[in-house]
Amino acid sequence: MGIPYSYSFRNLWTRRLTTVLTASGMALVVFVFAATLMLTEGLQKTLVQTGSSDNVVLLRKSSNSEVQSAVERDQASLLESQPEIAVGADGEPLLAKELVVLINLKKRVGDKPSNVIIRGIDAASLKLRPAVRLKEGRMPRPGSAEVVAGESVSRRFKGCGLGETLRFGMRDWRVVGVFDAGSTGFSSEIWGDRDQMMQAFRRPVYSSIIFRLRDTTAFDAYKARVEGDPRLTVEAKRETQYYLDQSEAMAKFLRILGLVLTVIFSIGAVIGATITMYAAVANRVTEIGTLRALGFPRKSILAAFIIEALLLGLCGGILGVCAASFMQLITISTMNWASFSELAFSFTLNFSIIWKSLLFSVVMGFVGGALPALRASRMNIVEALRAT
Amino acid sequence: MAEVSEPIVRIRNLSKAYRRGTQVIPVLTGINFDIARGEFVALMGPSGSGKSTLLNLIAGIDSADQGSIQIGDVEITRLGESELARWRAGSVGFIFQFYNLIPVLTAYENVELPLLLTHLSRRERHEHVEAVLNVVGLADRMDHYPSQLSGGQQQRVAIARAIVTDPEILVADEPTGDLDRVSAEEILLLMDRLVHEFGKTVIMVTHDPRAAEKAHLIRHLEKGELSVT
Ligand SMILES: Nc1ncnc2c1ncn2[C@@H]1O[C@H](COP(=O)(O)OP(=O)(O)OP(=O)(O)O)[C@@H](O)[C@H]1O
Ligand SMILES: [Mg+2]
Chain A
1 MGIPYSYSFR
11 NLWTRRLTTV
21 LTASGMALVV
31 FVFAATLMLT
41 EGLQKTLVQT
51 GSSDNVVLLR
61 KSSNSEVQSA
71 VERDQASLLE
81 SQPEIAVGAD
91 GEPLLAKELV
101 VLINLKKRVG
111 DKPSNVIIRG
121 IDAASLKLRP
131 AVRLKEGRMP
141 RPGSAEVVAG
151 ESVSRRFKGC
161 GLGETLRFGM
171 RDWRVVGVFD
181 AGSTGFSSEI
191 WGDRDQMMQA
201 FRRPVYSSII
211 FRLRDTTAFD
221 AYKARVEGDP
231 RLTVEAKRET
241 QYYLDQSEAM
251 AKFLRILGLV
261 LTVIFSIGAV
271 IGATITMYAA
281 VANRVTEIGT
291 LRALGFPRKS
301 ILAAFIIEAL
311 LLGLCGGILG
321 VCAASFMQLI
331 TISTMNWASF
341 SELAFSFTLN
351 FSIIWKSLLF
361 SVVMGFVGGA
371 LPALRASRMN
381 IVEALRAT
Chain B
1 MAEVSEPIVR
11 IRNLSKAYRR
21 GTQVIPVLTG
31 INFDIARGEF
41 VALMGPSGSG
51 KSTLLNLIAG
61 IDSADQGSIQ
71 IGDVEITRLG
81 ESELARWRAG
91 SVGFIFQFYN
101 LIPVLTAYEN
111 VELPLLLTHL
121 SRRERHEHVE
131 AVLNVVGLAD
141 RMDHYPSQLS
151 GGQQQRVAIA
161 RAIVTDPEIL
171 VADEPTGDLD
181 RVSAEEILLL
191 MDRLVHEFGK
201 TVIMVTHDPR
211 AAEKAHLIRH
221 LEKGELSVT
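As you go down the protein sequences, you meet chains A and B in turn.
Note that our numbering has the first sequence beginning at 1, numbered continuously upward.
Note that our numbering has the second sequence beginning at 1, numbered continuously upward.
I should point out that these hints are in silico values taken from the structure, not numbers from a laboratory.
Each statement offered as a hint is correct.
Sample of chain A residues at the chain B side, in silico, Cβ under 10 Å: (1) Ile3; (2) Ser6; (3) Tyr7; (4) Phe9; (5) Trp13; (6) Thr290; (7) Arg292; (8) Ala293; (9) Leu294; (10) Phe296; (11) Pro297; (12) Ser300; (13) Asn380; (14) Ile381; (15) Val382.
All values reported here derive from a predicted model rather than from experimental measurement.
A virtual CB, placed ideally from N, CA and C, is assigned to each residue, including glycine.
Construct all of the structure, not just a fragment, from the sequences and the given hints.
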């Protein structure tokens with residue numbers, strides 16, 4: 001048995017001011033680390049939740065997003081009559097040919113313009129998105145210049161509130177409803193009648209086709225057949241995959257940003273921990289000599305100081321994760337780089353992030369404490385005992 | 001009577017020098033010294049004469065340049081570092097001038113510390129710690145931290161820690177050096193009891209003639225050599 005853990009713990013407690021100060025430095029790093037992970041997680045969760053795994057998105061080959069895609073009418077009618085498409089309770093196929101356009105709207109606060117997705121919807125569009133529920137007002141009547149706005153857009157953009165009027169496509173559009181789409185990307189969209197929109201934007205082609213699979217396992221065969229058909233120029237993706245791909249650029253950027261910030265900050269925090277631990281060793285030279293004289297081997301001393309540093313790191317980690325958990329209250333809106341439209345999402349904390357953050361803090365503690373602990377373990381007993 | 005039995009400490013031709021740069025400072029030169037089991041020895045001599053150095057060598061925390069030290073049946077000058085640490089844990093009790101208790105541990109935990117290096121169970125450790133705290137008369141203070149104890153009490157806790165593993169020898173470097181007369185007297189009485197009642201061998205470095213009086217044997221160290229008074 002070695003030196004008891006309480007020895008390491010109580011030493012941290014005895015100098016609690018220094019401990020808290022050093023741990024705060026580490027907490028800051030853990031906070032940045034956790035916050036970027038939470039941001040990435042929130043972004044991906046939002047985008048992935050937007051999709052549903054038995055929905056298929058058809059886009060023109062090599063277009064990264066619905067905004068860039070175009071599906072001609074003759075291709076659309078061919079795609080409409082495939083056997084894999086599920087049929088709804090009303091006997092109609094669960095398939096929507098949609099138009100997706102970006103428009104520029106001004107924000108309520110600060111008047112800043114930003115891109116918003118306009119989606120021209122089909123009869124089946126709503127049935128294909130179970131996450132979307134009308135919250136206020138009603139759905140647009142087919143053939144009318146009416147729209148419904150996602151909650152997030154409605155709150156943040158001028159003219160998008162219930163009863164307000166928007167101008168785009170050289171027409172005025174009345175907002176007759178607000179829909180709630182949970183934390184999905186649809187919250188940041190405006191929906192209206194597709195044919196009205198195609199006219200207004202003078203678009204002869206659809207942007208994308210979305211349908212539900214009758215049997216979700218049939219996807220691979222369907223994809224191979226459709227993509228191999230010489231009459232078609234489309235690409236099929238599961239909706240979940242489509243949105244995950246959309247988030248990849250942003251997620252990658254966030255990960256790199258997080259990594260850079262974390263590395264820079266952690267150098268500071270690790271140096272802080274090293275200084276604190278060196279001071280701890282210097283203050284306890286006689287104590288170390290005494291423990292060694294009593295017969296504790298070098299490795300016990302090493303372990304005691306390493307444990308002290310790990311605990312110090314863990315304190316920082318817990319502080320940092322606590323601080324980061326408050327970030328969940330904040331909703332971020334940012335440019336969705338794939339479609340250049342606004343996307344609202346929140347910092348999302350999960351166990352994997354907590355676990356990674358705490359592990360990271362403990363690793364910082366270890367790196368910071370390694371050299372001081374090594375010095376402590378290498379002391380000459382007699383010299384240590386003389387140092388009074 | 002002690003002379004009849006085998007000596008517990010047998011020092012032969014022991015030398016030790018310190019090097020400061022190119023300068024060599026001889027501290028001990030060819031010391032020969034036997035200590036019988038159950039002896040109470042006082043080491044005296046002027047400051048810088050090497051008393052602490054000799055004591056540290058006997059206690060196995062310093063290494064000699066030449067010669068041998070045998071304690072019981074173990075020639076400690078032949079042991080490697082980790083063997084020496086294991087040997088110290090079981091065979092030597094340390095008493096320091098400034099007590100050297102661990103400030104963040106209670107009296108009980110300080111005394112228990114050397115037992116953590118043994119295979120004793122928690123229960124057995126408890127019995128040992130309680131027993132030695134009773135010997136030094138501080139069983140009622142076992143939950144106190146060193147800072148809550150007087151100097152004399154701290155030294156008694158340190159003595160309890162030194163004897164808890166029932167070692168063969170006790171080494172004490174100026175154990176009363178930091179204490180007032182009354183406390184010093186108590187500590188010396190306690191050490192005397194350890195020798196007479198518990199049959200310990202005590203080697204004590206001291207400047208204080210009153211402390212030395214308690215010993216059976218006084219040795220003077222001067223210019224690296226030992227002499228009998
Ligand atoms: N690490 C070291 N490096 C160099 N010289 C040392 C070292 N340790 C001790 N010395 C020298 O060795 C000599 C003996 O030291 P030691 O501590 O044994 O003396 P002492 O008899 O215990 O003295 P005091 O009564 O003052 O405690 C001294 O001259 C001291 O300066
Ligand atoms: Mg000395």
